[in-house]
Amino acid sequence: MTSTQANHPLLRVDNLRIEIPGRRGTLVAVDDISFHIDEGEVLGVVGESGAGKSLTGSAVIGLLEPPCRIAGGEIHFDGRRIDNLPYEQLRRIRGRHVGMVFQDPLTSLNPLYTVGRQLTETILTHNDLSEKGARKRALELLREVGIPAAERRIDQYPHEFSGGMRQRVVIALALCANPRLVIADEPTTALDVSIQAQIITLLKRLCRDHGAAVMLVTHDMGVIAETADRVAVMYAGRIVEVGPVAEVVLRAKHPYTVGLMGSIPLVGHDVERLTQIDGAMPRLDAIPPGCAFNPRCPRAFEPCLRERPELLTVGPVEAACWLHGGTSGGGGGHD
Amino acid sequence: MTESQAQARPAEAPALIEVANLSKLFDVSPPLLNRLLQGSPRALLTAVDRVSFSIPRGKTFSLVGESGCGKSTVARLVVGLHQPSGGRIFFEGRDMADLKSRSEIAPLRKRLQMIFQDPFASLNPRWRVADIVAEPIRAHRLLRDRRDIAVRVGELLQQVGLSPADGVRFPHEFSGGQRQRISIARALASNPEFLVCDEPTSALDVSVQAQILNLMKRLQRELGLTYLFISHDLAVVYHISDIVGVMYLGRLVEWGEAKALFRRPQHPYTRMLLDAIPDLEMTGRARTPVAGEVPSPIAPPSGCHFHPRCPFAEARCRREAPRALATATGEVSCHAVEEGRLPPAVSKTRSKSA
Amino acid sequence: MAVGEEHRGAAGPSLGARLVDGVRRFFDGDIWYSFTRSPVVMVSAAVTVLFIASAVFAPLVAPYDPFDLASIDLLDSSLPPIWMDGGDPRFLLGTDAQGRDMLSAVIYGARISLGVGFASVVFAMLLGISLGLLSGYLGGTVDAVIMRIADVQLTFPAILIALLIDGLARTVLPRDLHGQVWFYVLVLAIGLSFWVQYARTVRGSAMVERSKEYVQAARVIGIPPLVIMLRHVLPNVMGPVLVIATINLAIAVITEATLSFLGVGVPATSPSLGTLVRVGNDFLFSGEWWITIFPGAALAILVLAVNLLGDWLRDALNPKLR
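Residue numbers (numbering that gives the first Met the number 0), protein chains in the order written: chain A, 0 to 334; chain B, 0 to 353; chain C, 0 to 321.
Think of the hints as simulated: they come from the structure by calculation, not from any bench. On a predicted model such as this, the values are computed, not experimentally measured, just so you know. You may find that some hints are simply not true.
What the hints assert, rightly or not - Take a look, some chain C residues computed to stay more than 12 Å from chain B by CB distance:
hint, residue
1, W31
2, D84
3, V226
To be verified - To give an idea of the chain C side of the interface with chain B (calculated C-beta under 8 Å), a few residues:
hint, residue
4, S70
5, I71
6, K211
7, E212
8, Y213
9, A216
10, A217
11, R218
12, V219
13, G221
14, I222
15, H231
16, P234
17, N306
Note that the Cβ used here is the ideal one computed from N, Cα and C, for glycine as well.
Let's have the full structure, built from the sequences with the hints guiding it.
Next up, the structure:
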């Protein structure tokens, strides 16, 4: 896995399709999405609940829970196809190269072992170190993630830590093996506002220091704006817009992204009424034909009802919208 | 947003709700038997510590703070889900503690309703929507004829943006945002003047949150409602509030007119909260995340509760709890402010110079 | 606005339409789906329904009335089942020592067994649900007192309590009166040993439901506590109660059979399945096995079917296992 050619991204997902078979037929939760993450890059994946963002994150690391299944597409990690690997091999790649941070830090830590033991065990699995060396490394990691009095706290159990501190431990655990990719699924959602800011700052700094790429899955545009380099906006199982974070946040092209950004209240913006997207995201069993967003789209026109748009380059971003189909660049989602 | 839009001091407007020195202690001791056997002492948690504020009719007063600050407990005290351990709550000048019998309480109950946080738990899953919305009407016997009730339920559902035909369906057939609309329709059914909203949008997606916030603002305009709004999201609070109170570990550390408070936050904790708001305008503003976490409310720090996290803390802050000082539009409780040793607040609201 | 026209929708359709809608939702629901997916459960349900139906309609189903002395002929006594030598085509499962048709005796016996079982389950349910609701919703002292009583109750095995109450009734009540009230004594004896389970389950669920926001909303509206308990909390705690009730039915039938086998249950004049087994037991070694085996097998099949049904119901109602 060390053949790092300059010309392929760290993670490449091509035409991924995730299905949930059920007794009323098979639901398509993620429909034909493609994206990539470069070495050391933070890709934000944002969307509302049910958009398929978490499933995408799980699929990438082979942690999709049955009955969900990958029904098509390919996932390449460091140039190597991993979605068809046997479980054991995939597990090894995951352990060695991919770190994970989940929403609820309690479920990622074993309540029966001390924090130090969980860290040293993980370190020993992936590094050729002595027991002592591993413990030293664990201490370093705890200090690095900002745990005060790490020497004392290393022998404590997860329940003795507060929520924010636990999330720090989880981040330390994810970084144990010096992974090249960290998948963070709603890492700040369960935390208080002031702690969220701490964790975002920490995650960002550490990944930069360790050179790890991050796939940051969240519903919180604020977190994305603070952290991500590029952002992919998902809606009803599809990526509707992807591009550099400043472009997407400030000059969104897809009407959904425009609406989403407009619906977020901002401190200092005095508006009587927030921009609102009427209706709700369709359920998986009732995704409309054409563009899935067309019933809620203020700018929908004839082709939107008929045919589903593919991602097309619009200036610095890519957007899946007929408003930008055909015209080369420019256009602007909101004029 | 003109600076000198001299709004009347909120306290001068006639208050619909007034809360004076409200306190709530929870007994978190282990059961009696364990206490006797293990000799462990009684443990009391001060969830709300001498909080005072008043809400003028037709205005929105928001309480904001992190988990464990007691903001939800205040909401539950105001609607009577908890009994206060100390202090008073006045509704139109009447002390609610004076109302003893059911016949005295019932007329007040109609005028004061609550919207809850979790749209999945706040509706009885086995009831049809029409029955849920009609519950206050039936409980207070506002209408007796079945047909009248049905008409009223239909109106209420339309008022919150649903269709009268939705009444026959069950809560699980609706999305989170629609359920919150049903919750609001139920709260409006008894024609209340005062709504307590406990994090009504924090379980919702942002686009749906915008719908609900717009709906709440429209209803306030149309029906002249007064809101007590509880939230941890400062941007939401800024958008919806006339007056904002900031709570930390049971105490109201600062309150004031919303725009003024956000523009010139006084208390170091308010400043910290404002600093923690993610920068969605990509201004590249440097953030200084404040170290530390909220301490356990069972054993809060001495003096000013915020002193262990406060960059301006001195010996006095560790010793004595600060008094409330008048500010331009409200009050603040901070020794550093009183002694004038706090650096001027950096405006967190959008300034043209940025 | 066309509120006037539209309000009929909000008023709700007629009762009939609601019923049809309810039935449609049931057959469309997950429980029915899981039911159709499990042959074992379908067989169990069929067996249970067969037993219940034949018990309810015993006078119509059974070939003879075993209590009608006029129809019994001692000449027909101890006949084997029809497929054996000496079997009489009139008596499918043979006859007992008095010449009663075994099939009819089993059907009538199941009627009594199920009757006692149902009645004691209903009794235990009413008692347990009421105490559990009070305990869980009110909490505090009420809760402490009820739960300590339950703890004490649990230290006695069910059969012991049943024996105690039955024995007490026999000594206190005059002999001939006991002949009339044995049914109530049994129901009381079996039901009293079961209520704790309901009370604990309902208490736990009620405590969970009480803290949910829909109950708080009802309190804010000003609904009195008793109404909240009955209209809001009770319907939402009934799922686990139904599961316990189903499994309890099987245990109640067994307990009744045990008591009857021990001779303290149903009098021999109107035999339940347990009584039949006891009576037949005396003939087992004289070769007339059918007198005890058929009631025994009926009992076993009934209890097994109800138990399987209860297990399935528990899983089907538990969203975590779906």
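These are the hints, each one checked on the structure:
no.: 1; hint: W31; in the structure: 17 Å, holds
no.: 2; hint: D84; in the structure: 61 Å, holds
no.: 3; hint: V226; in the structure: 8 Å, violated
no.: 4; hint: S70; in the structure: 51 Å, violated
no.: 5; hint: I71; in the structure: 52 Å, violated
no.: 6; hint: K211; in the structure: 5 Å, holds
no.: 7; hint: E212; in the structure: 4 Å, holds
no.: 8; hint: Y213; in the structure: 5 Å, holds
no.: 9; hint: A216; in the structure: 6 Å, holds
no.: 10; hint: A217; in the structure: 7 Å, holds
no.: 11; hint: R218; in the structure: 6 Å, holds
no.: 12; hint: V219; in the structure: 5 Å, holds
no.: 13; hint: G221; in the structure: 4 Å, holds
no.: 14; hint: I222; in the structure: 5 Å, holds
no.: 15; hint: H231; in the structure: 6 Å, holds
no.: 16; hint: P234; in the structure: 5 Å, holds
no.: 17; hint: N306; in the structure: 28 Å, violated
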